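Given only the sequences and the hints, what does the whole structure look like? Please build it.
Going down the list, the sequences are from chains A and R.
Counted the way numbering that gives the first Met the number 0 counts, the first sequence spans residues 0 to 280.
Counted the way numbering that gives the first Met the number 0 counts, the second sequence spans residues 0 to 188.
Quick caveat, the hints were computed from the structure, so don't treat them as lab data.
Misleading hints may appear alongside valid ones.
A partial selection of chain A residues facing chain R, derived with a Cβ cut-off under 7 Å [unchecked claim]: (1) VAL5; (2) ILE62; (3) TRP74; (4) GLY237.
Distance condition first, Cα-Cα at most 30 Å in a straight line; then the derived DSSO-like pairs of lysine-lysine [what the hints assert, rightly or not]: (5) R:LYS16 <-> R:LYS134; (6) A:LYS32 <-> R:LYS4; (7) A:LYS37 <-> A:LYS10; (8) A:LYS121 <-> R:LYS137; (9) R:LYS19 <-> A:LYS37; (10) R:LYS39 <-> A:LYS107; (11) A:LYS37 <-> R:LYS180; (12) A:LYS37 <-> R:LYS4; (13) A:LYS59 <-> A:LYS210; (14) R:LYS5 <-> A:LYS59; (15) R:LYS111 <-> A:LYS39; (16) R:LYS137 <-> A:LYS39; (17) A:LYS59 <-> R:LYS134; (18) R:LYS19 <-> A:LYS39; (19) A:LYS39 <-> R:LYS180; (20) R:LYS39 <-> A:LYS39; (21) A:LYS121 <-> R:LYS111; (22) R:LYS16 <-> A:LYS32; (23) A:LYS98 <-> R:LYS138; (24) A:LYS107 <-> R:LYS137; (25) R:LYS134 <-> A:LYS121; (26) A:LYS107 <-> R:LYS138; (27) R:LYS4 <-> R:LYS138; (28) R:LYS4 <-> R:LYS137; (29) A:LYS59 <-> R:LYS4; (30) A:LYS198 <-> A:LYS210; (31) A:LYS59 <-> R:LYS137.
Covered stretches of chain R, going by a simulated chain A footprint (3 or more residues, C-beta under 8 Å) [said to hold, decoys possible]: (32) 57-71; (33) 74-84; (34) 91-105; (35) 117-128; (36) 170-179.
Because the structure is a prediction, the values reported are computed rather than measured.
Here a beta-carbon is modelled for each residue, glycine too, at the ideal position from N, C-alpha and C.
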Amino acid sequence: MREINVEDITKTVAHLFEHSCHYLTDDVLAALKQARGKEKSPVACGVLDRLLENVEIAGKEQIPMCQDTGLAIVWLEIGQEVHITGGDLYKAVNEGVRKGYDEGYLRKSVVSQPFSARVNTKDNTPADIWTDIVPGDKLKIIVMPKGGGSENMSRLTVLTPAKGRQGIIDYVVNRVSESGSNPCPPVVVGVGIGGTTEKTMMLAKKALLRKLGQPNPDAEIAELERDILRGVNNLGIGAMGYGGTITALAVHAEAFPCHIASLPVAVCLMCWCDRKGEATL
Amino acid sequence: MTEAKKITLPLTDEVLKDLKAGDNLLLTGVIYQFRDAAHKRIVEVLDQGKSLPIDIKGAAVFYMGPSPARPGRPIGSAGPTTSGRMDSYSPRLMDEGLKVMIGKGLRSQTVKDAIVKYNGVYLGAIGGAGALIAKSIKKAEVVAYEDLGAEAIRRLEVEDFPVTVVNDSHGGDLYEEGRAKYRVTSSTT
Numbered sequence: 000m001r002e003i004n005v006e007d008i009t010k011t012v013a014h015l016f017e018h019s020c021h022y023l024t025d026d027v028l029a030a031l032k033q034a035r036g037k038e039k040s041p042v043a044c045g046v047l048d049r050l051l052e053n054v055e056i057a058g059k060e061q062i063p064m065c066q067d068t069g070l071a072i073v074w075l076e077i078g079q080e081v082h083i084t085g086g087d088l089y090k091a092v093n094e095g096v097r098k099g100y101d102e103g104y105l106r107k108s109v110v111s112q113p114f115s116a117r118v119n120t121k122d123n124t125p126a127d128i129w130t131d132i133v134p135g136d137k138l139k140i141i142v143m144p145k146g147g148g149s150e151n152m153s154r155l156t157v158l159t160p161a162k163g164r165q166g167i168i169d170y171v172v173n174r175v176s177e178s179g180s181n182p183c184p185p186v187v188v189g190v191g192i193g194g195t196t197e198k199t200m201m202l203a204k205k206a207l208l209r210k211l212g213q214p215n216p217d218a219e220i221a222e223l224e225r226d227i228l229r230g231v232n233n234l235g236i237g238a239m240g241y242g243g244t245i246t247a248l249a250v251h252a253e254a255f256p257c258h259i260a261s262l263p264v265a266v267c268l269m270c271w272c273d274r275k276g277e278a279t280l
Numbered sequence: 000m001t002e003a004k005k006i007t008l009p010l011t012d013e014v015l016k017d018l019k020a021g022d023n024l025l026l027t028g029v030i031y032q033f034r035d036a037a038h039k040r041i042v043e044v045l046d047q048g049k050s051l052p053i054d055i056k057g058a059a060v061f062y063m064g065p066s067p068a069r070p071g072r073p074i075g076s077a078g079p080t081t082s083g084r085m086d087s088y089s090p091r092l093m094d095e096g097l098k099v100m101i102g103k104g105l106r107s108q109t110v111k112d113a114i115v116k117y118n119g120v121y122l123g124a125i126g127g128a129g130a131l132i133a134k135s136i137k138k139a140e141v142v143a144y145e146d147l148g149a150e151a152i153r154r155l156e157v158e159d160f161p162v163t164v165v166n167d168s169h170g171g172d173l174y175e176e177g178r179a180k181y182r183v184t185s186s187t188t
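Shown next as C-alpha cells:
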C-alpha cells in the first residue's frame, strides 16, 4: 500500500485549475497554429491571430484566457494499491478547487438551487468529481474547467441501430451546425457512441481529454472521426462563426459495446480554448 | 482581415446606418456591462414602471461577466458570453433606447428584426479572448445591482475594443453570409 495524503491532492488540484486557465497545453496550441496555416478565410485568420495573441497575453500578464473559468470537472484515477490518508478525498478535491479559484483570480460560476434562487456558491464548488479504480500505486488527477457556452451545446440521443454509421455522422454534424457560433469555434468535438446513456455522455466528454492530433487507435473509429471532421468543416462556420474552412480543430470519438436495441450517441463540444490539465501523484 | 475602423461611442444614427455586417471596429468610449441576471431585473423594474439605474438611451451593452481583477488592475478576464440567452429581453431594452449589443453567438429572428426596426447593431467580440479584451478596458466600476457579483452592472471605459459587426440595421448577418461563403455542399458524408 502506498500512502497519499489529501493535502497533496488539494495542492495539486488547485495548481492544475489555476494553470490550465492561463496556459494552453502544447497540443492545443499546435492545433490552433495549424488551423491558422490552413484557414482560407482572411476574416477567420484575423480571429485566429487574435486568439493566439490572447493566449500569449494570458500567460505573460496572468489574466485567464477566458473569463468563464468553468465548472470544475475532476477525474481521479486511483491505483488499487493506494491508501488515501489525512481526510476525506472529495473534501480535499473541493478544497483544491476553492483554493485554485480564489488564489488564481478565477471566476466563480457555480450556483446552487439551479431552477429557483440560483445563489452563487462563491468558491466554485462543488466540483464534478469522478473516480476510476485502476491497477498500480499511483493517483492520476485530471482536470477540465468547462465553460458554459460550449457545455450548453452538448446533446444526447439514442438512435435506432438501423441508422448506423451514417446516422451518427448526420447527428453530430447537425449538432455542430445548429450550435453555430455559440460554442466559440474552432471547436473540439467529443463524440460518445454506445454504452448506456450516461456512459455515452461520459465517453464524449472524456474523448475531449485525448491529445489533439491523436486519432482513436481503432482504425474503424479513426475513419469515422475523419468523416465527421470533414462534414463539420464543410459547414463553413469558421472561427467565431464568421465563416471559414476550419470549424473544428479535431473530432475525437470513443465507442463502447451497447444493448442490442440501442445506438446511443452523445456530443460534447469544447471551445477553441480547450483547457485541461493532469498530474500523477 | 479588413482594416478596422476606429469608432467613438455613443454611436449616432448616421454612423449606425453606415455599419455593415463584417465591418471590423475598434470602439472607444463608455459601454455598460451586464448579462442574464441584470437583464431579468431591468425588465422587472420596467414592468413596475420604475426608472432604470442607468441611462439606456443610445447606450451600448456588453454581455460579459468578468473574472476577478488582480490588485491594481481595472478588471480580470473579460470576454463575451453567449448573447442568445438575452434574446427574450433585448427587444424591450431596444424599445427603451438601447442601440448597441456586444456579445458572441446567434441571435433570434425577433432580435434581428428589432435591430432593423430600432436602427441598432449587434457586434461580435471574440469569444474566449478575455485576456486580450481586458487590455482595452481602462476603467471599470460597478454602477448598479452590486449584489449580483460578476453579474452586476458595470460602467466600462474602453479604448480600441476590437469587435466585428454581426447583425446590422439593414438585415445583414455575418454569421449567415460568412457561412454561405465557405459552405461545401458536395459533402461526401
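Numbers of the earlier hints that this structure fails to satisfy, in rising order: 1, 3, 7, 16, 20, 21, 22
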